[in-house]
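Since the structure of chain A is provided, determine the placement of chain B on it from the hints.
Sequences listed follow chains A and B, in order.
Heads up: take any position in the first sequence, counting from 1, add 129, and you land on the working numbering.
Heads up: take any position in the second sequence, counting from 1, add 11, and you land on the working numbering.
Note that these hints are calculated values from the structure, not bench results.
No experiment lies behind these values; they were computed from the predicted model shown.
A hint or two may mislead.
What the hints assert, rightly or not - The calculated lysine to aspartate or glutamate pairs, modelled on EDC-like cross-linking and capped at a C-alpha distance of 20 angstroms, are:
#, chain 1, residue 1, chain 2, residue 2
1, B, LYS57, A, ASP200
2, A, LYS186, B, GLU273
3, B, LYS162, B, GLU143
4, A, LYS202, B, ASP50
5, B, LYS239, B, GLU293
6, A, LYS202, B, ASP54
7, B, LYS128, B, GLU273
As the list claims (entries may be wrong) - From the derived model, a few chain A residues whose C-beta atoms are all more than 12 angstroms from chain B:
#, residue
8, ILE167
9, GLY189
10, PHE233
11, MET254
12, GLU306
13, ARG309
14, THR371
Virtual Cβ for every residue (Gly too), placed ideally from N, Cα, C.
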Amino acid sequence: MNEKRHMGLKTLNRVSNTSIYILLVIISVIWLLPFIFIVLQSFRVESTYQVGYVIPKQWGWQNYINLWNSDFKRWYLNTFIIALAAAVLITIIQLCMSYTLSRFRFKLRGPLMRFMLILGMFPGMLTMIILYRVLSDLGLTQANAVPGLILVSVASSGMGYYVSKGFFDTIPKSLDEAARVDGATRFQVLYKIILPLAKPIVIYTILTAFMGPWGDFVFARYVAFGTSSGYNVAVGMYSWLTNDQIARMYTTFCAGGVIVAVPVTILFLCLQKYYVEGVTGGAVKG
Amino acid sequence: MKKLFAILLALSMLLSMSVFASASSEIAGTYDVTIWAPDAAVDLTKSQVEAFNSSNEMGIVINATVEPVSEADAASNMILDVSAGADLYFFAQDQLSRLIQANALTKLGQGAAAFVKDNNSAGSVLAAQAGEDYYAYPLTADNGYFMYYDKSVVPEEDVDSLEAIIADCEAAGKNFSFELENAWYNAGFFFGTGCHSDWITDDAGNFIAIDDDFNSDAGLIAAKGIYKLVSSPIYVNSGNADFASGSAVVVTGTWNYATILEQLGDNFGVADLPSFEVDGAEYHIGSYSGCKLLGVKPQEDAVKGAALNQLAQFLTNKDCQIQRTVEFGWGPANKEAVQDEAVASNPALTALAEQSNYAIPQPNIHGSWWDIAKVITTDVKATDGSDDALKAALQKYEDSIAAVFEMTDEVRNAFTLIGTVGGTNWDTDLPMTAEGDIWTSNEAYEMEAGTEFKCRQGKAWDTAYPADNFVVETAGTYYVQLDAASGEVSLVPAA
Chain A
130 MNEKRHMGLK TLNRVSNTSI YILLVIISVI WLLPFIFIVL QSFRVESTYQ
180 VGYVIPKQWG WQNYINLWNS DFKRWYLNTF IIALAAAVLI TIIQLCMSYT
230 LSRFRFKLRG PLMRFMLILG MFPGMLTMII LYRVLSDLGL TQANAVPGLI
280 LVSVASSGMG YYVSKGFFDT IPKSLDEAAR VDGATRFQVL YKIILPLAKP
330 IVIYTILTAF MGPWGDFVFA RYVAFGTSSG YNVAVGMYSW LTNDQIARMY
380 TTFCAGGVIV AVPVTILFLC LQKYYVEGVT GGAVKG
Chain B
12 MKKLFAILLA LSMLLSMSVF ASASSEIAGT YDVTIWAPDA AVDLTKSQVE
62 AFNSSNEMGI VINATVEPVS EADAASNMIL DVSAGADLYF FAQDQLSRLI
112 QANALTKLGQ GAAAFVKDNN SAGSVLAAQA GEDYYAYPLT ADNGYFMYYD
162 KSVVPEEDVD SLEAIIADCE AAGKNFSFEL ENAWYNAGFF FGTGCHSDWI
212 TDDAGNFIAI DDDFNSDAGL IAAKGIYKLV SSPIYVNSGN ADFASGSAVV
262 VTGTWNYATI LEQLGDNFGV ADLPSFEVDG AEYHIGSYSG CKLLGVKPQE
312 DAVKGAALNQ LAQFLTNKDC QIQRTVEFGW GPANKEAVQD EAVASNPALT
362 ALAEQSNYAI PQPNIHGSWW DIAKVITTDV KATDGSDDAL KAALQKYEDS
412 IAAVFEMTDE VRNAFTLIGT VGGTNWDTDL PMTAEGDIWT SNEAYEMEAG
462 TEFKCRQGKA WDTAYPADNF VVETAGTYYV QLDAASGEVS LVPAA
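Chain A on its own, in the form it takes in the complex (with noise of 0.2 angstroms):
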């Protein structure tokens, strides 16, 4: 009798495992299939439009070659350069700020805190058209569209400081004080004792402020219209999707595709640890 029931819970946990894991099986097949499709479909060659198939009969590198060849490089450069200026002003931009709200006690640290916080819940592309009559009478637009993008993620950063803030809370202060006791100034505070310690939220902020204008269409758009020298991935690769191109660039596009997803894909994969501890990390204590 014993023994049997026992068989039958084995045969349960069997059975409802089973069915979990072709459960997860079909969840991650349909979530892949996407990404394995626009790399195999960046490989065929043998025809440069849409098709009703998914492995190609030629494969090759063509598409990456008609890449190389097209304008593709200078859009991946602008991205580039966008993103990377904007990891590392904005995490030192929002590192700074959140180590002063979280350490120092001042007047209109609360009202400042609460302003911001209201500032934040409007979203960012009210101020679009404005942003841009700003830039253009700056001349960042078009051909310096890149510097313009720059200066717009940047400029706003320091609002997102909650959740860097959230973590440096939860570090004691007795650390801090430990340090100045010992004659460091706030600065080696920050740079010697928190930061070390706040590990997973740095890279958490460089990561974040990395993929914002990695992405960037709308704005990006905006700034650089019709001049190809200053689009990004985004906006170039869009322009390709029109009626009477997709049928030439569609696996052009594709390969575009890959290649952008590279850099992004790196970077998670050698970060990932600190990601989630990031994430986690900073909703200890708001």
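Okay, now just chain B, sitting in the frame of chain A:
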């Protein structure tokens, strides 16, 4: 003082003379010019500008930057910031009004207008016109659609009948791609049954009225035709070159010619659109025919403007248009170029020419129309195909247009009551109904002494009675009555 004034006057005359002189004689010079051309045409455009530089006898040297901007996106890009936009740009004709309103197009002078009228086909000249004036140079007259088909699925004798083609596709399990959820395509069915939809613009390019009869008996026949196709399982809402992914018929334009030729090889077939049959009568599906135009942005420097117009005329002349036909298969707008061997030997352009017998030159169309009219297809598809259901779909279309524009004939002619009547305050038009010339308000309204109102026609103030506001003297509940012939307004006490 007088002396000073005289000197100033003389000086200003001298100055204006010198400006005038420079404008007329010194067109020679080097100009930095930005040109937006579709990606495919960038290299050709560059070489054509070079050809202009070496061939023109006016000493104009154009230093051109050619940016790849699709003619479909030109207006949306120009309107973002006209001052930063291109000096010369390719655009699709339906953007003309928007571009004029954004002050992104130079009105052509008499000479340029004559160049456009003398050299180009009638439809393309019409496309460049707003009111009495011309605003752009026709580049192509090939923006239309026709039918590509797979000869191994659809035999040649079937290509004239929509029903036969659908049957062939169903038998072979192949798709019929026709992007009917796009007003540019579904309107073809309506034109095929004799319907029309015309937008009327004033000289400034503003839309002032619409004359549309899609919601009519002829429109019902068109809706039945659409239903025949969309209710079939082989219908695909697509305008792409889909032959490699299961289609046997694709309705699209010249831009997909090369791709489809490659996809179909020996089975390549191309023809004008088929006819469909309703109640024993045949209706050939119509289409829009449209053009691509070359626009010149207004310039602060009049001399540069003149140089740009010279360049634009060169880029749209016969030879440049034929070069585009040879390189990309674009159909020319130039009357002489149409006769050229390169054009006549292109089967897609031949099919386009056959379809053009049933095509409507695409007029200026209000931007909102595309979103309103495309819904007809989805609505028709959702019906059971019965007359009542199809009529309801068309009625919905008419209501949507009226709601946006409120300019159906009926509304334009109707009188309405407006004033401080019925709790409104000169902001709401209250309906009136006519019996002959006598218009009576649909409801009786309670009116205080001192209530004021007018009766106006077409919700506009061009025709409104009485000339001064009607003022109610004695409080009561009244119908308002208007004699449209004499313009006399009176109150009729409600019983």
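We went through each hint and held it up to the structure:
With a C-alpha separation of about 16 angstroms, the suggested pair B/LYS57 and A/ASP200 falls inside the 20 angstroms cut-off, and the hint holds. The straight-line distance between the Cα atoms of A/LYS186 and B/GLU273 is roughly 15 angstroms, inside the 20 angstroms bound, and the hint therefore holds. For the hint linking B/LYS162 to B/GLU143, the alpha-carbon distance of about 47 angstroms lies beyond 20 angstroms, and the restraint is violated. With a C-alpha separation of about 16 angstroms, the suggested pair A/LYS202 and B/ASP50 falls inside the 20 angstroms cut-off, and the hint holds.
A C-alpha spacing of about 14 angstroms is found between B/LYS239 and B/GLU293, which places the hinted pair at or below 20 angstroms, so the restraint holds. Under the criterion of a C-alpha separation no larger than 20 angstroms, the hint pairing A/LYS202 with B/ASP54 is consistent with the structure, at around 18 angstroms. This hinted pair does not check out: B/LYS128 and B/GLU273 have alpha carbons roughly 37 angstroms apart, beyond 20 angstroms. Its beta-carbon lying about 16 angstroms from the closest one in chain B, A/ILE167 satisfies the requirement of being farther than 12 angstroms from that chain.
Look at A/GLY189: its CB is around 17 angstroms from the nearest CB on chain B, clear of 12 angstroms, so calling it non-interface holds up. For A/PHE233, the requirement that its beta carbon stay farther than 12 angstroms from each beta carbon of chain B is met, with the minimum near 42 angstroms. The Cβ of A/MET254 sits about 14 angstroms from the closest Cβ of chain B, beyond the 12 angstroms cut-off, so the non-interface label holds. Separation of A/GLU306 from chain B is adequate, the least Cβ-Cβ distance of about 54 angstroms exceeding the 12 angstroms criterion.
The claim that A/ARG309 is not at the interface with chain B holds, since no C-beta of that chain comes within 12 angstroms of its own (minimum 53 angstroms). Residue placement check: A/THR371 does not keep its beta carbon more than 12 angstroms from all beta carbons of chain B (closest about 4 angstroms).
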